[in-house]
Every structure is written in structure tokens, then in C-alpha cells.
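Numbered continuously in this note's numbering, the sequence shown closes out at residue 936.
Hints are supplied without guarantee of correctness; some may be wrong.
As the list claims (entries may be wrong) - Below, a list of computed lysine to aspartate or glutamate pairs in the EDC-like style, where the Cα atoms sit at most 16 Å apart:
(1) Lys-845 / Asp-868
(2) Lys-888 / Glu-869
(3) Lys-853 / Glu-886
(4) Lys-880 / Asp-868
(5) Lys-840 / Glu-858
(6) Lys-880 / Glu-869
(7) Lys-840 / Asp-829
(8) Lys-854 / Glu-869
(9) Lys-840 / Glu-869
(10) Lys-854 / Asp-868
Don't read these hints as lab results, they were simulated from the structure. Values in this document were obtained by computation on a predicted structure and should not be read as measured data.
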Amino acid sequence: MVEDLAIENERVGLKINPEKMRVMINGKKIAIEVGYMEINYTDEYVYLGQLITLKESMREEVKRRITNSWRNYWSMKEPMKDKKLHINIKKNRLTHARPYSSLRMAANHGH
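Modelling step: build the complete structure from the supplied sequences, incorporating the hints.
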């Protein structure tokens, strides 16, 4: 199947990079080669932000999400200390809310 994919890719000018490609399978692992390079197997990968794995446990996914949440929280530590930031955010929201409310009023009154 991977060899068929490589052939079809070459038809349209694309090339598989065996060093970056990984295969996940729930059966017996056999050697897969593209050209002269062997493709490596993996037990898990992240797709669209979610951990995909063959394991039944969601423990690793929850752990990964918690770690990412804390990483995001701590990355905002310094900006959140800025006392002016909160006022600027409120002013920014009011500025953006005003034109929207004006449009709603005009639509409701037929203007």
C-alpha cells in the first residue's frame, strides 16, 4: 500500500520522505520500504491536536492536554502582570462591540 502511494505521488511530482513518514498498524509489523529506505513504525501520533494511539487508555492524551494547558498558562504570566493590559483589552472590546451594535440597531429599524 505504501509503495502504491509512493508511485502515485511520483506521478504528480511528489516524493515521500521516508525519514519523516511513520506507519501505525494494529497487526503484525512487517518491513515496509520506499525505494531503498525502510519506513519506521509508531504507536502514537498527534493529528489535528489530538493524540491518536492504539492503547485503550486516555491517560496519555489527558496528560498531554494538561501539560499543554500549563505551558500556555505560564507563557502568559509576564503579559498578565501588566496592569494596563486589562484596561486596553476592555477598551478594545468596547471599540469592536460598538460598530456591531450600531449595525444591529440599523437592521432592526430598517435603515
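Structure-based check of all given hints:
no., hint, verdict
1, Lys-845 / Asp-868, "holds (15 Å)"
2, Lys-888 / Glu-869, "holds (14 Å)"
3, Lys-853 / Glu-886, "violated (25 Å)"
4, Lys-880 / Asp-868, "holds (8 Å)"
5, Lys-840 / Glu-858, "holds (14 Å)"
6, Lys-880 / Glu-869, "holds (9 Å)"
7, Lys-840 / Asp-829, "holds (12 Å)"
8, Lys-854 / Glu-869, "holds (15 Å)"
9, Lys-840 / Glu-869, "violated (24 Å)"
10, Lys-854 / Asp-868, "holds (11 Å)"
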